[in-house]
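2 protein chains.
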Amino acid sequence: MTTSVGKAPAVAPTSSSESDSFPEDGRRRVVVSSVGPRIANGRFAVKRTEGDVLRVRADLVADGHDVVAGVVRARVVGASDWVERKLASLGNDRFEAELTLDRVGRWELEVEGWIDAFASWHHELERREELGEVLDIDLAIGARLLADAATRAEASDRARLDAAAKALLDRAEPIELRTTLALALDLLALASAHADRSHATRSEPWPVVVDPVHARFAAWYELFPRATGEEGAHGTFRTAETWLPYVLEMGFDVLYLPPIHPIGLAFRKGPENTLGAGPEQPGSPWAIGAPEGGHTAVHPALGTLDDFDRLLKSARDLGLKVALDIAFQASPDHPWVRQHPEWFKHRPDGTIQYAENPPKKYQDVYPFDFETESWRELWAALRDVFRFWIARGVTIFRVDNPHTKPVPFWQWCIESIKADHPEVTFLAEAFTRPRLKYALANVGFSQGYTYFTWRSTKAGLMEYLTELTRPDIADTFRPSFWPNTPDILPDDLQYGGRPAFLARLILAGTLSSHYGIYGPVYELEEHLARPGSGEYAKSEKYEIRQWDRNRPSPTRRAITSLNAIRRAHPALQRNETLRFHPTDNEFILCYSKIWGEDVVVVAVSLDFQHRQSGWVTLDLASLGIDPEETFQVHDLLGGGRHAWRGSRSYVDIDPQALPAQIFAVRRKVRSERDFDYYL
Amino acid sequence: MTTSVGKAPAVAPTSSSESDSFPEDGRRRVVVSSVGPRIANGRFAVKRTEGDVLRVRADLVADGHDVVAGVVRARVVGASDWVERKLASLGNDRFEAELTLDRVGRWELEVEGWIDAFASWHHELERREELGEVLDIDLAIGARLLADAATRAEASDRARLDAAAKALLDRAEPIELRTTLALALDLLALASAHADRSHATRSEPWPVVVDPVHARFAAWYELFPRATGEEGAHGTFRTAETWLPYVLEMGFDVLYLPPIHPIGLAFRKGPENTLGAGPEQPGSPWAIGAPEGGHTAVHPALGTLDDFDRLLKSARDLGLKVALDIAFQASPDHPWVRQHPEWFKHRPDGTIQYAENPPKKYQDVYPFDFETESWRELWAALRDVFRFWIARGVTIFRVDNPHTKPVPFWQWCIESIKADHPEVTFLAEAFTRPRLKYALANVGFSQGYTYFTWRSTKAGLMEYLTELTRPDIADTFRPSFWPNTPDILPDDLQYGGRPAFLARLILAGTLSSHYGIYGPVYELEEHLARPGSGEYAKSEKYEIRQWDRNRPSPTRRAITSLNAIRRAHPALQRNETLRFHPTDNEFILCYSKIWGEDVVVVAVSLDFQHRQSGWVTLDLASLGIDPEETFQVHDLLGGGRHAWRGSRSYVDIDPQALPAQIFAVRRKVRSERDFDYYL
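Protein sequence lines, in the order shown, are assigned to chains A and B.
Note that this note's numbering has the first sequence beginning at 10, numbered continuously upward.
Note that this note's numbering has the second sequence beginning at 10, numbered continuously upward.
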């Protein structure tokens, strides 16, 4: 038999230009993957608020049986050094670390993993010790690793590591003693702290935007400043100031003003959205721009910029924030129409098409043409509108119809502004298709309007809230729940009477940590719609209304209670722990929120006419309540106290009294870790 | 009252170095996201096989109400031009296209989306027509869009577009007629085909690896060539050739040979894994390397490389593929130990530590040191081992213990080889932690060994298969099911008798489209384990066994039937449609697979001693069967035919006869689109 011996060929039998392109460092044995929370692999930022604890998880996988260690690294972009938090093993190659986001700004995070050579050796030595197989050569390997670690350490750590290395080699001592010394846990910690990270693997950095707390938890009150005048007079910033205590007493955090700019005369809208109004009619505040100026001017009838500054200061002194409405559209009288005709789309006959969404027509408004060759100039001008108001002290904006402007514009605009002013927030008034709403959230909007306004059934609300609290969506899209807006008077409020006003208010303010109402129509229970529309009759959009803020209003008292309850209950200041509990009555919706020691259970009846009652089956485990435990519930609105036990509870709701019950739950508190909060 | 007018400040009130960094093209209004199937945002390749239809989905979101259009673009990297498939709208901003992967290789895909200006105008014109509000100016806008499209078209398309533009402007014709002309669907298609894509948005390209069909659907047979000799003699490549018809007749596609290289003498293992064997013992084929050569040599006792080539050719002529086992480890006698000491880790005393995983010891094997400074040379040498055998005609490799070599090495090695030889496939023998198994799949292994070998309960099998058929995992990890291997003789086979051999075989071959057995121990029903181990007694790993291939074997007949059934039934050639159906007997597992017109339902009893019967509740909808329909089932193993109706069926399984039933279902066939196959 002849022997034929193959040899690795001197020249590879085939060749490829790419085949020898080695990675930068082939000794990075750890693979980092499934890092989260992270959106679309880091393309969009995760959203959190100041002080939040972020729970970061990642897979760190390495070949063989070596021990893997890792950290999460984090910094505020351009503003702080990297901090590191050690990843703890969850088993099965999954790791976790918690990180406190203690500063507003755009953060970047990375996960880094490496092989801990000493820990791997330690682990193997434990097994050898169990088998009674420890040899001097094993300890010599450990000593070498300790000496290596010493070269990376300083001062006392270095000395301790060197001393331990020497001790392991000291054959004058029995091997059992040296093995015990080698297995000491403090030595393991010390050596691991100085592990060799030169072949560590890092994930791509990914962004987390940390906003002020009010981006997550706030109650907004929308008020037309022109409605604050004395009988028959156009309100001003000065008269609006007199309303600040009223808004504050109800417990609102943010006073939101519809556009305050000069209003065009061309195609001005009259009462009830009619055409042909003249200068004697005030027009719609959204028809922005007149000879007096555009988006950086204030309507002369409201006062001066100085008056506006004074309103802002008065509000700030009271602890109330002011949000401005920014609507990127121009009345035909807007100065930009003449100064920058290239920012508008001209038809073959040279005219500009007014905004429309057939059959709706907005004759008093021109849209901007984002397909213009001059898009850079247009973008910069629009961005500078925000900058103008930020320079005057405004940090909260409600953006009108952002979904009719390109998503990439918003990404650029918001990032550009937040780079300098990370505290600024943007609420997207985007009542549009779901994926477009989420796209706007992804590129930077701090909150978004929602479909809550039209979700009036139990199934509809449950389905929608389940979607909103799902990971990724919950990480990027912060819902803002509005029972009404100047554009929308929903059927429930038209026909449901006071119980509807109370129920929709309580749903908004307990289902969502961020909510708002358009007042004073809300607390005064205005419910008349323009016939054949879902809009208010005698809408403030087209005429000046005046409101009696001294009129007694049970709804106003409920608003005040609700806002006080929200402030007192951290559980209501977040949405991620929202959980629905089954009820056997199709009108009764029951849900809970939990945060730390705080547990709140809410039951709302969606029947605004008749008394409804039924059994609720509470998911006690999700509330951290033992099935055998008797726990106390306190009705924060109605005032009653009950002792409950077990998962079945009876609720009985008379909408003519109160259509909802908000229960604070007092239970035995265990470790916070008992509950798997979604951080 | 004084009027104060704000102006956009000439200099921005704040500045940021980044704030004016505009995107390359701000007019790309379409956002492309949620593209799939795509793994970790394109970091790893989706796996498919030649001829598969890939269903690509993406969100294409644009502001406003314009009509969005898009395509999937695809090409074989370095080997073909881009092809495009139009995306069809699924509603709600989601789109889909199907693409036939007609060529083996590494593909790259992109999704591209743009605003279709003419289609948007068309859509708006439809609404205006309904409202009876079409004006000449509207048609003039359409004419301008058509004239624009004409500039992008050629020849007859150009002429048709220009003519249509002119016709729209021809006021001699009534506007109703021109509107009808403008709304013609063929005009819409023509204009859309020449839409302006200069501001289109493209996703990042992402990879799809298309393998030969046998990467997905194949039956392997593992055979030690040294066991093929005449009574008492060491088998050779020549004697192995005489086994080819035997393997072929059973219906196998791949003959897989354990390592064929010279075996080291140092620390050679003797029978039953004993130490101290001498040259009179054959040693373990995995102790690779001796003075005669290493990974590119053949064991002299097996013959020459020419003999190996002849075996390969004989197999190929019969339509049988040969897979080689590549084990990257070296006996102390391997030439590389002297030639490349830098590729091994030396202990403080200068010795090399043999491979071990306490308490298991592999004294006859040195591991390579992937942390060596010379990692580039080591990587290249290992890669060239594959190249050597590829040059001889081997295209299928089974890789021993890949999980003890760095994952990044495999990524580089497999990509390097597949760049020149995309038809080559690699089966990972990685019985390790799940995330490490999936990591190896992600970086390129074509298939992987699985936990099937130890999953013997109904719940265990259902849970595991549910995991394996989940998106992302199913897209990257192709399971290969093995009821036994030379390392593993599971309890079921030790104690279950012939019913166990049949049941485990049928489970492997019907649950997974890719499976294999280690023979002839399997068909000869060898079931004796080395005491206290889950390994075979008298294991072929350490001694030469000889087998009587003429011995009558019912298991062999079942193997032959199973492989014939698999070939006849496309449903069994894939895993993605696997669905379990509830049964009321804890021993009876019932599942189905469906592909096109082919529907197969399998019922297996996991009780190998006693007769079991029970009711199955078939999910008829998933099988495309109407609840009112009577459908025929044909037991492909046992031969019976039954007419079933409705979801409840009774099964009765006597393991002493046959522990499983494989039913072909004949039903009324509807459109293929009735079933939501996961493509």
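To be clear, the hints were calculated from the coordinates, so they are not data collected in a lab.
Don't take each hint at face value.
Label pairs and their in silico Cβ distance ranges [claimed, not checked]:
#: 1; chain 1: B; residue 1: Arg-180; chain 2: A; residue 2: Asp-315; range: 55 to 61 Å
#: 2; chain 1: A; residue 1: Thr-475; chain 2: B; residue 2: Pro-636; range: 38 to 44 Å
#: 3; chain 1: B; residue 1: Asp-358; chain 2: A; residue 2: Arg-103; range: 36 to 42 Å
#: 4; chain 1: B; residue 1: Glu-105; chain 2: A; residue 2: Ala-49; range: 17 to 23 Å
Note that beta-carbon positions come from the ideal geometry of N, C-alpha and C, so glycine has one too.
These are the hints, each one checked on the structure:
1. Arg-180/B with Asp-315/A: 55 to 61 Å: Since the Cβ atoms of Arg-180/B and Asp-315/A sit about 56 Å apart, the hinted range of 55 to 61 Å holds.
2. Thr-475/A with Pro-636/B: 38 to 44 Å: Violated, since Thr-475/A and Pro-636/B (Cβ atoms, about 30 Å apart) do not stay within the stated range.
3. Asp-358/B with Arg-103/A: 36 to 42 Å: Check passed, 38 Å falls within 36 to 42 Å.
4. Glu-105/B with Ala-49/A: 17 to 23 Å: Given a distance of about 19 Å, which is inside 17 to 23 Å, the answer is holds.
Of the numbered hints given earlier, the model fails hint 2 alone.
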